[in-house]
Amino acid sequence: MFRVPFIQAETSKIIAMAKRADHSVSFDKNYHVTWGNSHVTSVNQGTEVHLRMDKAAGAGFESNVGYASGYFQIKIKLPNKDFSGVVVAFYLTSDPDGKEGNHDELDFEFLGSNGPPFTLQTNVFSNDKGGREQRFHHWFDPTSDFHTYGIVWNQHQLVFYVDKTPIRVFKNNTKIGVRSIWNGETWASGGRKIDWSQAPFVASFVGFGVTGCQFQNSASKDQCYISSPKLWWNGDKYLRLDPTQRTHQFLQCWIAFGSVNEEGQQQEEFSEELLVKPLPDHKLLAHFHFQSSAPPSTSNGCHHHLFPKAISQLVQKFRVKEMELSFTQGRWNYESWGGFDPISSSNAKAPGVELWAVFDVPQHHIDASWKNLTHSLRSFLFPPASGNVRYGTLPCEAVCTENLTPWLKLLPCRDKAGIALLLDRPSLYGGFYHSQRLHLTSTESSSEGIDSGIILEQTLTVVLQPNSERAIEVHASEKHVQPSWSLSSIFGKQVSGRCVLAKSSSVYLLLDRGLVAELKFPNKENGKSAANGLTSENFWSNPSFELSVNPDRIFLEESSSHSKSLSILYMFQVEKYSESEPFDIGLMWKVPVAWLCQQTPLHASRFLMGSGNERGAIAISLKSTQFTEGFMSANSKDGSCELRVDVFQVVPWYVKVYFHSLRVFVDQQPRAVSDFIEKIHVSPSKDKMSPGVMEVVLKLPCRVNTAALTIEFDKGFLRIDEYPPDANQGFDIPSAIISFPNFHASMVFLEDDSLNRSPLLSKFQEKCPVMSYTEVLLVPLTTPDFSMPYNVITITCTVFALYFGSLLNVLQRRVAEEERFLKAKAAKKTGRLPLLLSKLSAKLRGRRREPLHSPPSSSSFINSKLVLKVILVAGLAVGWQYFFS
Amino acid sequence: MAETKEKSLSDEKPKPRVRPIVRLGIFLISHSFLVSVVCCTAGVLALFLLPVLAKNTYISENALMPGSASPMLSNQHVSDGNRLVKDLTNPNSKSSETGIESHKIIAQYMLDLGAEVSFHKFHPQMNQFHPLHFFSSPVSGKIQENYSCSSYGINTVGIIRAPRGDGKEAIVLVTPYNALKSGFGEALSLGIAYSVFSLLTQVTWLAKDIIWLVADSQYGEYAAVAAWLREYQTPKFSSLSTPNAEMCPDVNNLFELKGHSISGSKFSNSFRRAGTMAAALVLKVRDQNEQFEDTISIYAEASNGQMPNLDLINVVNYLAVHRQGLRVNVEKLWPLLNSSWLKSLGEIFESLAKVAKSLYPKWKFGIPATEYVEGTATLASSLYYQALGVPTGPHGAFRDYQVDAITLEISPKFSLDKVWRNDILLRGGRLIEGVIRSVNNLLEKFHQSFFLYLLTSPSKFVSVGVYMIAFALLIASLPMVAASLYVDANSSSNCSKGDSSTPSAITDTDEHSIAIRSWRWLNSAKLVFIVHLWGAIVSLLPYFISQIPDCSPTTSFMIWVLLSILSLLTLNSVLASPLACAKATQEKEWALVKSVTISLVFIGLGLMSVINFATAEIGALLMVPMCLLARPLKLDVRAGTLRSFCRLICNLVLGHIAFPPAAFFLLKGMLDGFGNANVGDFWMWVESLWAWNSATYLFIGMVQLPCWVLCVSILFHTC
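For the record, the sequence lines run as chains F and X.
The numbering of the first sequence is the numbering used here, which starts it at 1 and goes up by one.
The numbering of the second sequence is the numbering used here, which starts it at 1 and goes up by one.
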């Protein structure tokens, strides 16, 4: 149901005034769309607006400002077909968010019908009490032409007008405003089914002029109730009911168009879901899906009941349209865990951290926003991609419990209740793969950026080994029996009821297509009848396995083009269980089953080529998997069949990629790049600034067996301070993303009303292209000997000293001067110290001192007698030591 | 001499002050004879001192932590391994001619463990002589047209993915296995590897992927490993239309395995990879048992004397000795062990050390004489194998891709009956497990410890800082002698002229002749250049000779010798006749030639010491005395003194020894006995050197042989 009108019983100065509803006033002047932006079309230069409603959503708009009194009218034309169950409304409300408890509301509701008579229902709410419905039948056909519906509101009375005909009058008994006038009862639509085959339903609105006293603050609210020429609706004429008078407008308007099912859209919601899926290699996939959504709010999004405030602030501050942050440990095994289902293509990530975001800010602000966002996420600064999308990865990040705790804080029940109770750290981190993801979408971000609804999706995907005991594997006969498991055996915990804040809480067990085909359900041969036989018992008491809990519902997948067999989904409602009777689903295998998961069209692997510390090459090799062959051949009937593959590769700047060296090999033949690459976008790396990004769109023939891309690189030299502390490990090249836009990994389950409520299943229905991540590569880079700086400093200093010393020497030296100096020196007496030395040496030699003429020639350094004497003394000392010690 | 010149000048004007460094240089040059004798003696002595100076090894990288975890390999795994050994040695499995059955068995065993298995087919690629590819990285193999279906090998590769790892790194375990005629040892090595493998599929502590390569060794262990590595590191994406291995019926047979396995996705015929290789271990078990103890031999030398990181050897040594109680063995030169002169040298060192210790108790450098002899034998073999530049095992292939690798060869004590087999499986398995666990602990690649070292025992090493001293001492005298010879040759003619006229006249009138005289060395340089050019031609000749079909090694060698002599004569006649003494004034011609030769030898040795130290060291031992002593025989004969007679003898002896083929036969004779020496052996040896891209070949061709020719030409100088 729609929001209730808003009676802002406060006064203010007058802003808007118009004598009549003016057809020429454009919609944007006084109104804005609040939800369902895509379902609103404005025509005639914005003077006419169509609200469309289909199965997915309706739409609504509201006035830009609030009013304290006035004459409000609008011209409406209803959908001219069978629109039973659909309600078009025009109403005034004091609380468009529905947050305050005691709101007031004035309603025009046009109840849908499949033909005349058309019913108009008016209602008045005061202090949250409604029930004052009055129904009228139109005396004209509201679907064929526009008619004016208006409400005049002053401090004395409220009058509902249809085409200047007052149809209902209320006395305003309170002194001021309409706060506490009425009581009432709840309003209902009549519970008719909507015939969606008639969709979309279009209601048209014109006349967007507003005549009212704008509400500013409560202090000046009395201003809105005085009689003045500007506030003509407060004048005497309008204190009495005068049908002949032209009437005027009123408070804030809220116009909505929707079905009764849309009620949930407008409230904060939380849902928790768990999907469990057995994998072919004796492992088990557990996929937790928590979704919180906050509706668009006019009140700056300050007050949230369930929705994490931090996230909404993040969205508002950085104007994030969409963001995804994932922490992953371990590798997703595309070969045995599959790559063609929604979980693997949107939740299987490369090890490390990945973050991407779409911003809603002008182009030149994006980098700043991105920087701030990454800083506030305490992450790493990643370089820009293109457009307003930014992508960053951190492949070397180790993921541990510390990453899980803040993630859990975003859940309303933390891990204290509900399905999150299963998140037992030791068993989670003991698994083979572990990826936690946070995805947020702000559904609608208007130009002010305030009124936006946010959907926060938190998923945790883990792959676990059900039982680690080797006991089963020992027996050769039972080697291939899948291990039996139960929630308590994998997680060591059980679910005792739901998180009370959650709207829905359910556990699903998915048997994928390959497994279902292998199990051979008894009525599978009947084809379509399998869908009809869904509820029959034999779907869970199968000869090959047994479930410990009976499922509440069973869904069968809608037939898809990719596969012949269909997957089956068992649903368990956690609401039914409690502390005394905890929920613990288990699966017992009775016979050995082996199956294959559906794989990506091409299996991608990436590796480094070459050796040494200087050069190398990155190779991405694509190999066709067995699965796609059948599909390909089916599709290749229409002549030339092409398989499109998108490759996205980020290369850090210290690996200098030569993009010109890109080579393509198809089916082991070197081929010209232009033959297969349809589009390539390259942004080269900037040293120390940004990494290189390469996006390639490949068009391969469907029959392709192998394809390979190689690209050469040089390893750059880093400055010493750019090395990480463990530089000798090498550097990581983040994984490439390979996507297949022709293939969509969606799982559509057979139509059911309640399916729409499950965020997990609606996520599965989304058509997202099949994606896979390649391995992270480790490039060993030349690392300096980190003790080298000391050596280098020493050597450099020596070299400099020698060089500059000799240079200075050469520059300073004057040969003639020197000779003169030498002569003078020879003439003069020698200095005191040399004299002393020569005396000493003369004594030693036992000779008379000779006057020194020149420094002794080099050969006279060694005097054989002197040497002999020294050796003799040393020998004596050694001998002494040797014999007497 | 320089000195006399100085003195004569100093009479006239006050002598300008000479810088101390210049003075020192002049002093050394003037005493070059004494200096060169002292340096050479010290160099040789230092070489013999190296075993004494060797340090104990230690584990430098903290992350390795060998032996800190108790081994998890249990008897369960050993019996698994035993099962495989039994299946492989079972005569039924050998029924197939190509040995495909045993490959299937191995692959099936790997699959049962949950590993990813693939076969790698390769065509054995003979090592080819690429004259210009000596220092380039290994090229991806050329495609040969004449492949036949019978000549391919199959490597079986099993990969365990680390359950929680990111797959960036991998550890490789290699077991060579010849399916056609496998000995019991090979089967046992597979058993050990399998028991470790079966343990590693269950553990949770793996951070790196494990690759187990069963290398098909029917075309040589090295070739199989090298082929796999080539495919791993530099794959060819394009295959030309040569007959592919897929066409051969036997190979298709191999892939029927896929059907057998129930978890078929684990097996694929595409080449599988893991991440960057952190380390590799090659495991072998020797069949015959002559040891008294369970011994494990470590082979570490890779091509061109490259060694793996010392830490890897240390880890193996530590675990083998202190945990598994195995004796660790490094290759020794056995003949040296019994040489009495070495023993007496050791005793001298020992007694000297005793004396020194008594003088000052802190001087403890002595080692027992027997230990010294063993250390010297190990050091000599270490030097020899490094100098040869040929890898000592399949691990050499890894080193070409900068992966640290060693070969472990286990020699069991007794015949391998049931009990002992289990024992060796358990201990060998635990050793491998421990090493893998240590390497798995590594966060960074091996970088802490030494890459340049010589082993004197498994637990002792000489680092580059120590062994360079011996080499530096040996070649230090070369530049001094060259300088002194040059000065000598210049000044002697200078003095003879100076006597006839006044010094002032020289400076004024004969400036032109001085200029000519100072450039006289160019003449000798030309000669030296020609001879080196000839050396280059000689080292290229084998490439062309090897193209001649059906040539026995002896004839090839003969052709080579003939062509070499022919080319030398041609060069000599074409480019002047430098050997003839044209001008009577240049009676000191030989001194200039010697000077230039010596400087080139110095440069050559210096360069070689960077590329392959051991080659340079051995080359220096041969060439330095020859170069220093070379002097025309005529002069010595003319002098007729005892000293000149001694010199004459020395020159003749050295002239023979330093000739590369002669040196080779001498060494071969010393090692194997002189009985079976054959002329063709040298050709074979040279062939193996170039096949392995050994820089030693280039050194011999471009440095040693020209140097020898020049020295001989000096000896027979007519002036």
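Bear in mind the hints are in silico, worked out from the structure with no lab data behind them.
Where a beta carbon is used, it is the ideal one built from N, C-alpha and C, also for glycine.
A few of these clues could be false.
Said to hold, decoys possible - Taking lysine-lysine pairs in the DSS-like style, the calculated list, with each CA pair at most 27 Å apart, reads:
#1 X:K236 with F:K699
#2 F:K679 with X:K236
#3 X:K413 with F:K656
#4 F:K416 with F:K309
#5 X:K181 with X:K413
Claimed, not checked - Listing some non-contacts, in silico: residues in chain F with all C-beta distances to chain X over 10 Å:
#6 R331
#7 P351
#8 L501
#9 E575
#10 Q881
Unchecked claim - According to the in silico footprint, chain F covers these stretches of chain X (three or more CB under 8 Å from chain F):
#11 48-59
#12 383-394
#13 399-405
#14 642-655
- [ ] Could you tell me which of the hints above the structure violates, numbers in ascending order?
- [x] Checked against the structure, the hints that fail are numbers 3, 6, 7, 10, 11, 12 and 14, while the rest are satisfied.
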